[in-house]
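2 protein chains.
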Amino acid sequence: MTSSAHGVRARARIEVTAAIKEEARRQLAKEGAAKLSLRAVARELGMASSALYRYFPSRDDLLTALIIDAYDSLGAAAEAAGDAAADIGPVGRWTAVCEGVRGWALRNPHEYALLYGTPVPGYTAPDTTVPAAARSALVVIGILRDAHQGLGLAKPSLSAELRPEAVRMAADLAPDLPPEAVATMVAAWAQLFGLIGFEVFGQFNRVVEDRDTFFRHAVGQLAHTVGLVYPQQGPAGAPGGRAAEPS
Amino acid sequence: MTSSAHGVRARARIEVTAAIKEEARRQLAKEGAAKLSLRAVARELGMASSALYRYFPSRDDLLTALIIDAYDSLGAAAEAAGDAAADIGPVGRWTAVCEGVRGWALRNPHEYALLYGTPVPGYTAPDTTVPAAARSALVVIGILRDAHQGLGLAKPSLSAELRPEAVRMAADLAPDLPPEAVATMVAAWAQLFGLIGFEVFGQFNRVVEDRDTFFRHAVGQLAHTVGLVYPQQGPAGAPGGRAAEPS
DNA sequence: GGCAAAGCAAGAGCGCTGCTCTCGTTTGCG
DNA sequence: CGCAAACGAGAGCAGCGCTCTTGCTTTGCC
Chain A
40 MTSSAHGVRA
50 RARIEVTAAI
60 KEEARRQLAK
70 EGAAKLSLRA
80 VARELGMASS
90 ALYRYFPSRD
100 DLLTALIIDA
110 YDSLGAAAEA
120 AGDAAADIGP
130 VGRWTAVCEG
140 VRGWALRNPH
150 EYALLYGTPV
160 PGYTAPDTTV
170 PAAARSALVV
180 IGILRDAHQG
190 LGLAKPSLSA
200 ELRPEAVRMA
210 ADLAPDLPPE
220 AVATMVAAWA
230 QLFGLIGFEV
240 FGQFNRVVED
250 RDTFFRHAVG
260 QLAHTVGLVY
270 PQQGPAGAPG
280 GRAAEPS
Chain B
40 MTSSAHGVRA
50 RARIEVTAAI
60 KEEARRQLAK
70 EGAAKLSLRA
80 VARELGMASS
90 ALYRYFPSRD
100 DLLTALIIDA
110 YDSLGAAAEA
120 AGDAAADIGP
130 VGRWTAVCEG
140 VRGWALRNPH
150 EYALLYGTPV
160 PGYTAPDTTV
170 PAAARSALVV
180 IGILRDAHQG
190 LGLAKPSLSA
200 ELRPEAVRMA
210 ADLAPDLPPE
220 AVATMVAAWA
230 QLFGLIGFEV
240 FGQFNRVVED
250 RDTFFRHAVG
260 QLAHTVGLVY
270 PQQGPAGAPG
280 GRAAEPS
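Protein sequence lines correspond, in order, to chains A and B. Just so you know, the first sequence maps onto residues 40 to 286 in my numbering. Just so you know, the second sequence maps onto residues 40 to 286 in my numbering.
There's no promise every hint is true.
[Claimed, not checked] Here are the simulated DMTMM-like cross-link-like pairs (lysine to aspartate or glutamate), alpha carbons at most 25 Å apart as the crow flies: (1) B/K74 - A/D99; (2) B/K69 - A/D99; (3) A/K194 - B/D251; (4) B/K194 - A/D251; (5) B/K69 - A/D100; (6) A/K194 - B/D108; (7) B/K74 - A/D100; (8) B/K74 - A/E70.
For the record, the hints were derived by calculation from the structure and aren't laboratory data. Only a predicted model underlies this, so the values are computations on that prediction, with no experimental measurement involved.
Please build the complete structure, drawing on both the sequences and the hints.
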């Protein structure tokens, strides 16, 4: 009973905290971050709005908690997609992870907006969000690493002026990988969220219809740009018959 | 005096309307769309908040006006950048336009957020915004067209399953251009805003330092993906000596 | 076991928001 | 000239984030 001696109150605290986050997440999914109201959460939970401040010092702190959870959820989705495509070569895994991220974004548009949309005006994300944010990015770094070790990575060429920056980025993110690949991958990662953002935020309305196919195509081109290639000596099943990579 | 017989009141109306938009734009630039307050605008203009509703039925309508203006401002920036680089070949113009768009976004981050960030929850852009939104996109379509006529366009290859969609998109956007190029350009356009969005929204903090160079590199790769090539028979000055295109 | 201290829920209240309604005034067309 | 439409100002409603005060309950030390 030692831990639950503390626990009677402590447990209630984490339960209430969880309930608040749960209800907040529900409102977030339904109406978006802009309309997330502490008062509405409290109302739904049957408690006074002022009581909420015992658990979250401010609305922004509640948002921070939701952001971390969202990053984690996205990271888990990316990891799952990558693992499910573990042995079909770098291009296949890259495609799978991209589609995993896209699927998550389409399933959770408001969470996506929270992470990659307009930042809240006065709000700056605390450092606690950094590791959670990195999780999904680490998945593609992992793909790059596997490809590099297995001859599935063609070094993209780099302009001379970008080299120092690429070296610096590689030193930070993946010292064991060629700087050209790291820098190009960072760019591809950003571009991926351009594609996803346009779709989630409705910019493709009346422009792109068959979005699955369109996304596949763009992601295939990105793979080519990054330097991911089908393994010369495919150990298992080859990519499957798609011909999405150009040139 | 026929038009200004109407005009005494009508002119006052458009003047007040302009003053409201001006003040609103000032607040937008300073604090962002989320903190744009009708009451604050009215306060600054020395009028009652209720009077504002004679000119804009709701806050969202004021936002719509600002959105159209912002699209127009972005379109003008893109056109200016494209015109300034009129005779340096498709790759140079593409790069110039991309940098023009990026520069505009960095100079007007809140306007950028208004256009390409999280959409306002209940708000759906009326059709009036569509032509303004298309203006900047038309610039790159124009580059594509010029490149196509001047042998500066290498048809990117397409997966078979995307062809029908590409044909449909080309029919809508630019019937005179090869579908492969149109579809790939739409993807590149979206990816461009991934790069810009990551920079404007702070996703590159602590990751990318030399962002000018980084952006140039990514945009050069995009040009290559789209199929823009340096003209075989350069009429005027060649690109200039950069070597930004891979492979 | 008793008791101070800390944690907790609730209510009232402040200043702000978008928006509506009413009222008295001004304007300009027929 | 008359009258309808446009206009500005004020009061007010419901909602928001957040703070402060007031009581009550649990906790943990002596």
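Structure-based check of all given hints:
1. This hinted pair checks out: B/K74 and A/D99 have alpha carbons roughly 15 Å apart, not beyond 25 Å.
2. Restraint check: the Cα-Cα separation between B/K69 and A/D99 comes to about 20 Å, which is no more than 25 Å; the hinted pair holds.
3. Of the supplied pair hints, the one linking A/K194 and B/D251 holds, its CA atoms being roughly 22 Å apart against a limit of 25 Å.
4. A distance of roughly 22 Å separates the Cα atoms of B/K194 and A/D251; the hinted pair therefore holds under the 25 Å criterion.
5. For the proposed pair B/K69 and A/D100, the alpha carbon gap of about 24 Å is at most 25 Å, so the pair holds.
6. Taking the CA atoms of A/K194 and B/D108, the gap is near 43 Å; set against the 25 Å cutoff, the hint is violated.
7. Among the hinted pairs, B/K74 with A/D100 is consistent with the structure: their alpha-carbon atoms are about 19 Å apart, no more than 25 Å.
8. Our distance criterion of 25 Å between C-alpha atoms is met by B/K74 and A/E70, whose separation comes to about 18 Å.
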